[in-house]
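Use these hints to put chain B with the ligands onto chain A, whose structure you have.
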Amino acid sequence: MSTFEALIAAQDRVEPRDEMPGDYRATLVRQIAQHAHSEIIGMQPEGDWITRAPSLRRKAILLAKVQDEAGHGLYLYAAAETLGVDRDDLLEALHTGRQKYSSIFNYPSLTWADVAAIGWLVDGAAIVNQVPLGRCSYGPYARAMVRICKEESFHQRQGFESLLTMSRGTPAQHAMAQDAVDRWWWPSLMMFGPPDAESPHSARSTAWGIKRFSNDTLRQRFVDLAVPQAEALGLTLPDPDLRWDEERGSWDFGTIDFTELREVVSGNGPCNEVRIGRRVAAHEDGAWVREAAAAYAAKQGTRGAA
Amino acid sequence: MSSSSEVDTGMVLALADDALVASHRLSEWIARAPSIEEDVALANIALDLLGQARLLYALIGDEDELAYRRPAGAFRNAVMLERPNGDFGATIARLLLLAAHQHALYSSLAAADGDLGAIAAKAVKEVSYHRDHARAWTVRLGDGTEESHRRMQDGLDAEWAVWGELAPTQEAVDWATAVITQATLRVPGPVLAVERQEHTADLDELLSTMREVTAVHPGATW
Ligand SMILES: [Fe+2]
Ligand SMILES: [Fe+2]
Chain A
1 MSTFEALIAA QDRVEPRDEM PGDYRATLVR QIAQHAHSEI IGMQPEGDWI TRAPSLRRKA
61 ILLAKVQDEA GHGLYLYAAA ETLGVDRDDL LEALHTGRQK YSSIFNYPSL TWADVAAIGW
121 LVDGAAIVNQ VPLGRCSYGP YARAMVRICK EESFHQRQGF ESLLTMSRGT PAQHAMAQDA
181 VDRWWWPSLM MFGPPDAESP HSARSTAWGI KRFSNDTLRQ RFVDLAVPQA EALGLTLPDP
241 DLRWDEERGS WDFGTIDFTE LREVVSGNGP CNEVRIGRRV AAHEDGAWVR EAAAAYAAKQ
301 GTRGAA
Chain B
1 MSSSSEVDTG MVLALADDAL VASHRLSEWI ARAPSIEEDV ALANIALDLL GQARLLYALI
61 GDEDELAYRR PAGAFRNAVM LERPNGDFGA TIARLLLLAA HQHALYSSLA AADGDLGAIA
121 AKAVKEVSYH RDHARAWTVR LGDGTEESHR RMQDGLDAEW AVWGELAPTQ EAVDWATAVI
181 TQATLRVPGP VLAVERQEHT ADLDELLSTM REVTAVHPGA TW
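Chains as they are written, first to last, in my numbering: chain A, 1 to 306; chain B, 1 to 222.
The reader is advised that the hints may include incorrect statements.
[Stated by the list, open to error] Counterexamples of contact, computed for chain A against chain B with all Cβ distances above 10 Å:
1) S2
2) R17
3) L83
4) R157
5) R243
6) Y296
[Claimed, not checked] Cβ-to-Cβ under 8 Å is the rule here; a few derived chain A residues that face chain B:
7) P54
8) L56
9) A64
10) I276
11) G277
12) R278
13) A292
14) K299
By construction, these hints were calculated from the structure, which means they are not laboratory data.
Built from N, CA and C at the ideal position, the CB exists for glycine as well.
Here chain A stands alone, though its shape is the one from the complex (with noise of 0.2 Å):
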């Protein structure tokens, strides 16, 4: 038995400096620079509102939650770099659409709203499928899920008490709220990907200790936590399926729109373009900054040798 399998057959965590596959090196880039790309991306659709946040409070705290996903970005490109790839190729292949990111940030934030809701059920969904990563095989990226998991829960939490203000708040606020979580109720349940029987990698990250539970199980756990935290905000899911099964102990719930879901990974949802051409355009615009910064720094080496 080689180290690496050795490894993952105690469980143990594979570092940096350790043999692995060049298909589970591989692999953990592709997962890692997505996820990466996904809080980068992430912030646009919530960042268009912190000027418009109708109050200050609510405003300190939605910059606050912004700029964590900003960080949460450079922890997994770090993560990403121990194995070998450079986070400068990493962009290149989000601004040229060959790495992806998160199909639901390709949905509009059309309200004050949809900052709440993106927490809520967002933010919900991606601590869902992140917590069983603090566990996963690769050391650098586990302990980048384990610290981003913790403020997770803060944003998730933050939007869930931001539209509980709004559902208790006047009648505009509450269908405000309600039309919110109406659009973003079934892109969270896609973000735990295509249904187990479709997942074409999933049994090889199984074997690998990247991936500990299937999409559909996750997907289940979300939809248990939501039914019950959407009732104490006294608003309504959009799905006429909802009942709760006695026997699995779980919430059964309707059939998702899967056509939906890979339109919009395939670049045809709302805002692909949008948010793609708003990422390149930050990045070009920067460009002559980020040479200078170059530029100075070979100066100071060429002056700190002399």
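Quick look at chain B with the ligands alone, frame taken from chain A:
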């Protein structure tokens, strides 16, 4: 200098409005900055300024009343802070001059007793970081490439010309002058102290963005 019992409302409003308006403009950079590190840094500075504004507003009234329901004409911020951002060089130039001014001002206020003194003492620490950040970028851009040198100088010329409205102390001017010289940039000239100027349409635009949600939900709490 005012004590805790007798707060100079006009001065506190000016400080708070400067901080709020500067925070608003900086937060427009988020997800648009030249690097992710800079998204984090600018968000952090915007958050500090917002925190300062909130503490200062609380000394004299209700923060949301003051931020969301006061007519633009009653704002005391300097006009240089309400202007649109321009490029990253202009943003750094503005931050350099604002932080130099705030650092000197909060340092002197920190000596006072009472709530204002405590707020100022906390703000000095935050503003020192803003000053360091702006200084580091001013030097990198000034002494970076030809393009960055030109852009940084343009930004500096434009912001320096209106800096007098903040009435920076000699200490602040000296500090900024030293940074500019280190950055191989040209010091634009003497700083002429002027009265706070009439607000422009830029403030109306800024406030209508800030109030986009509250305007359609009068009487709501958030
Ligand atoms: Fe995050
Ligand atoms: Fe988050």
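How the hints compare with the structure:
The beta carbon of S2 of chain A is kept farther than 10 Å from every beta carbon of chain B, the shortest such distance being approximately 36 Å. At roughly 26 Å from the closest C-beta of chain B, the C-beta of R17 of chain A stays outside 10 Å, upholding its exclusion from the interface. Every CB of chain B lies more than 10 Å from the CB of L83 of chain A, the least distance being 19 Å, so the non-interface label holds. With 10 Å as the threshold on Cβ separation, the claim that R157 of chain A sits away from chain B holds: the shortest Cβ distance comes to roughly 16 Å.
With a least CB separation of 34 Å from chain B, R243 of chain A remains clear of the 10 Å interface cut-off, as annotated. A beta-carbon of chain B is positioned within 10 Å of the beta-carbon of Y296 of chain A; the least distance is around 4 Å. Taken as an interface hint, P54 of chain A checks out: its beta carbon lies about 4 Å from the nearest beta carbon of chain B, inside 8 Å. Contact between L56 of chain A and chain B, as hinted, is supported at the beta carbon level, the nearest pair being about 5 Å apart and thus within 8 Å.
Against a cut-off of 8 Å between C-beta atoms, the interface hint on A64 of chain A holds, since the closest Cβ of chain B lies about 6 Å away. Using the Cβ-Cβ criterion of 8 Å, the hint placing I276 of chain A at the interface with chain B is not satisfied: the shortest such distance is roughly 12 Å. Contact between G277 of chain A and chain B, as hinted, is not supported at the beta carbon level, the nearest pair being about 12 Å apart and thus beyond 8 Å. With 8 Å as the threshold, the beta carbon of R278 of chain A comes within range of chain B, its nearest partner Cβ sitting at about 7 Å, so the hint holds.
Taking 8 Å as the C-beta cut-off, the interface hint given for A292 of chain A holds, the closest approach to chain B being about 3 Å. The criterion of a C-beta within 8 Å of any C-beta in chain B is met by K299 of chain A, whose closest approach is roughly 7 Å, and the hint holds.
The structure fails to meet hints 6, 10, 11 from the earlier list, while all remaining hints are met.
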